[in-house]
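Construct all of the structure, not just a fragment, from the sequences and the given hints.
So the protein sequences, as listed, match chains A and B.
The first sequence begins at 1 in the working numbering and counts up one residue at a time.
The second sequence begins at 483 in the working numbering and counts up one residue at a time.
What the hints contain is simulated information worked out from the structure, not anything from laboratory work.
Please read these numbers as outputs of a predicted model, since none were measured by experiment.
Some clues are possibly wrong.
[As the list claims (entries may be wrong)] Now the in silico label distances, taken between C-beta atoms and shown as ranges:
no., chain 1, residue 1, chain 2, residue 2, range
1, B, Asp1027, A, Asp335, 14 to 22 Å
2, A, Pro269, B, Ser920, 18 to 26 Å
3, A, Glu385, B, Ala683, 31 to 39 Å
4, A, Arg478, B, Leu856, 20 to 28 Å
5, B, Arg921, A, Gly33, 39 to 47 Å
6, A, Ala282, B, Pro823, 29 to 37 Å
7, A, Pro269, B, Arg607, 34 to 42 Å
8, B, Thr906, A, Thr180, 44 to 52 Å
9, B, Arg940, A, Arg478, 47 to 55 Å
10, B, Thr906, A, Gly30, 51 to 59 Å
For every residue, glycine included, the Cβ atom is placed at its ideal position computed from N, Cα and C.
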Amino acid sequence: MPEMVLHIIEKKIIASLRSEPRQSLDRLAGSAGLSLDQARRGVEWLRHKGLAEVSESEEAAISLGKNGMLLPHATLPERLLLDMLLKGGPQEMSVLRDAMGPLFGAAMGIVKRNGWAATVSEKGSTVISVAPPKDIPGVLPGEATLRALAGARGGPIRAESVDPSDLKSLLRRPELVTKTVTKTKYISLSGAARNVDASLGEGRGAKAGAIDVGADVPAAPRGRRHPLKEVISEIREIFVTLGFSEVSGRVIQPCFWNFDALLTPQDHPSREMQDTFYLDVAPGGLDSAPAHVRRISKAHRDTWHQKWDAAEAERMVLRTHTTCVTLRHLLQSPDALNDARIFSLGRVFRNEKTSYKHLAEFTQVEGVVHEAGSTIRGLMGIQEEFYRRLGLPKVRFWPTFFPYTEPSFQSMVYNERLGKWVELFGMGIFHPHVTRGLKHPVLAWGGGVERIAMLKYGVDDVREFYANNLGWLRAARRRDDA
Amino acid sequence: MPVVELSYERLAWLVSRGSSSSSTRVSRDEISEKLPYLGLDIESDDGDAVRIEYSPNRPDYATDVGVSLALQGLLGVSKGLVPLDAGPAPSGPDRIVARRAVAGVRPVITGIMARGGALDDHMLRQLVALQEDLHLGLGRGRRKVAIGLHDASKISGGFPLTYTAVPSNHRFVPLNETKEMTVSQIIKGTKAGRAYGHLVAGHERFPVILDGGGNTVSLPPIINSAMTAVTTDTTDIFVDATGVSRHAAEDALAVVAVTLRAAGFSLGRIGIGGGRNRTPPLETRTIPVSVGRANEMLGLGLSVSDAASCLERCRLQPVPQDGGGGSGGGGSQNGVDGVIPCLVPPYRPDIVSEVDLVEEIALGYGTWRIRPVLSPSKTFGAYDAASVTYDAIDMVMVGMGYVEALNPGLSNARILYEMADRPTPTRSRMISAVDSKSREHSVLRDSILPGLVENLSRNIHEEYPQKLYETGTVFLKAGRREAGSGKRPADASPVSERMHVAAIAAHAGSGFSEAKSVLQTALGAVISDASEIRTAPALHHMFADGRCAKVSVIAPRAAGDNRARGRRRVIGYAGEIDPAILSAYRIRVPAAGFEVSLPGLPPAAA
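Structure representation (structure tokens):
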């Protein structure tokens, strides 16, 4: 067996247990001159090394219960009754009941059951007479225990210190005495500890300062970024390396930029309050050039055959997508007419009941390409490359419908863990009405980041990302099969 | 998005029915593979039953007959237009006359006859589903359009029908009832009445369709009469569509018409007049599409005839062009810039302009055949300034052992004010969302720290020390003097959005010194001179009195400001969290932290 290396705490514990073989943790800490925490750790180490054993023993204590405390001088009710009968001879039951009050019933039951007294009824009155004194035990069952408790001012006293059958007779009665069991851990040395060198002195040469390098140690607390933010950063990084510049914008937008500029009809169901968060703030205008507003207003009338109301477009909403941000950048930034690859990452909002797959507020990423020669095939190529870099190599595209892109597709990626195709980003070319005034058709795609993070972290309830459960935040790890 | 359950067996039968050769029989696998390429998401797939989700812009996918028309095209079983064969508009007198009385209430009516068909339970259920779908989408909850289906043989008083308005004491037996009821009783006493009565409320008279004998056929948009109920014995159906928009009514009617036609009915026009109403033309319209434009957008090299064939597979009809070089595959050279005039049937109101036809070409081509191509970027990527700042904060906070929390920006008054012991701002200051579906998400946060304290309360069983931080946007109504900023933000928006960072540490030894020390190090990552950070005694609702400081820095000078140094401004607070707040949350260890707005940054862009 290799030389056992012991920490000074372990040595102190062994020394103490050699002088007193079985000790509780509290006692051990005191006797070894350690703090409670040191003693606890030391015992754990020793146990791990097979040098100490921990056994648990139960200790029962009894004390007077609620009803026990009400007894005069801790005297049993049947003793009170017998005393009265022995002193005063046979008596009318009503007289005794009046004298004893609520204790009478229990006392009467016991003395009758044991044959210590008898009742005779005649002419409507009941008389109780007592048995000869030799038939009544000098110490009634339970009396010894009760006396011990009275001597200890009601307890608690150790259950072992009284006669078990005597105690049992008391425990049968409602709340006369109570019994509480506590478990205490006792530490003792194992056989293997017998030959261990626990001397605190110099020990043997170079080994004196050595420690047990194989021992378990507590985990060091770590700081970390939120797992969702890690995915967001990764996505940001991929976009930048693919030549995209990040833009940011307001969370609160006039309807005009969130809906009207994207040609969402003013009576479209998605604009209703049950789907979109409207804010109780005064409108701040459309925030757009008059020529653009005129163009959009006309496009609405022509496409949807209905009036377009500027007041409706001024209402303020929590953005329902980040398209308002990328679009505003394309149409309003000073270099709007230049070729551009831009992307935006940010929170978006839907007035939905939250569930394991829906949040009222989530993070969306959106990319747009405004350059000559942009095609759907090129858009699909960027998607494939994006997913490949995220570690999602199996991608396919299905046609779909979005109100402001034409044509529109959605990308599906295969997830090994779930064994199925999962819908990720939507994509398409902005409708010409939306990007009128720009030089080229504009490719756009985007979607929720949480869905990707769910695949990456094997999370099945999207609410986990905003629950701030420290246990999860500290431990969450990426899966390889995302 | 609407979902419909279909049977593979029935779909296969419906698809094959369109084939000229009786031997063509498509398999279940072929169908299941192609459905997604029509834009139909397979939700679940269990034996013969398949549940598909379709886009609200394609109500013609609400029934299996509608889906089968599209499948026929994509599988090449049957291509080009689905003929409606509704016959010529009758030249005789109008068979439905709208009276002036409906003009102010619900002016539009249109309709069509479908004869000689047979309905089984399944088809009947599908028609009801289609109707409901049209009511929700195109019909905007029956306001714009409501559809009625009637057993034509049960219209006892016969044609002509009158579309007029009657007072609320008008009586008839509504569908699913056995006794006559007045219009007011129907509106108050039936489910449909309660759901849709509001659409015609506020008028003294209510729109009804009466038959030649004065019997009530329908009380649109609420309910039909029991008299004309459609059952599995029905062979002739009268379809009405009423509403406020003729466009929408005719579009919805066309979707029902093509569905009934595909289900085996033959269509017949009904003459309609009165007011601005007309016999529905149910005509195809011609929209031109440039094949060059389509190729440019899709990245394909289709010839005119290729593109034409793609359109046919989407049940559209390219018009053959006189002497066009595009006929036959060999004509591709001439055809690349060719323009195809394309006939679009009336049940496809979703096709409005050229780009919609480009999408149809992609669909008809087969999305699975479009190969992605990656072209190198001509631009260099860059990070947003805000991201760079947040990243710097992340690095330093994580380095100090802090775990990042993420709380919603749309929080609630309980967390933001009540539990944080902050006074509830007056209504004019608090930014609330109107009619939120969950109380949890109802007020925009104006501060991050209250959320972090709440987070601690959810983690009292986790190991201490607990150290949390969060960066993000907070929202302040414009005009509010944010701590230290001293002026109304210059932008037009009624709400100012600001970047904040907040942190909190909870453990037995936490206190003001730790909070200040962490704050100094954090800010050191984003400002040039951390020695300029000052803390002065202050009072704040969230912090214990005497253990709270306001934090100030030297603000960077604005452009054109020639002073030697910028002005000092307060950017937030640091301190020990008020024990009363912690105890209300049952947090048993002391906590200290800070929240500041991030200085030295350009304001958020639009």
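Checked hints:
| no. | hint | verdict |
| --- | --- | --- |
| 1 | B:Asp1027 - A:Asp335: 14 to 22 Å | violated, 52 Å |
| 2 | A:Pro269 - B:Ser920: 18 to 26 Å | holds, 20 Å |
| 3 | A:Glu385 - B:Ala683: 31 to 39 Å | violated, 57 Å |
| 4 | A:Arg478 - B:Leu856: 20 to 28 Å | holds, 26 Å |
| 5 | B:Arg921 - A:Gly33: 39 to 47 Å | violated, 57 Å |
| 6 | A:Ala282 - B:Pro823: 29 to 37 Å | violated, 50 Å |
| 7 | A:Pro269 - B:Arg607: 34 to 42 Å | violated, 24 Å |
| 8 | B:Thr906 - A:Thr180: 44 to 52 Å | holds, 48 Å |
| 9 | B:Arg940 - A:Arg478: 47 to 55 Å | violated, 24 Å |
| 10 | B:Thr906 - A:Gly30: 51 to 59 Å | holds, 54 Å |
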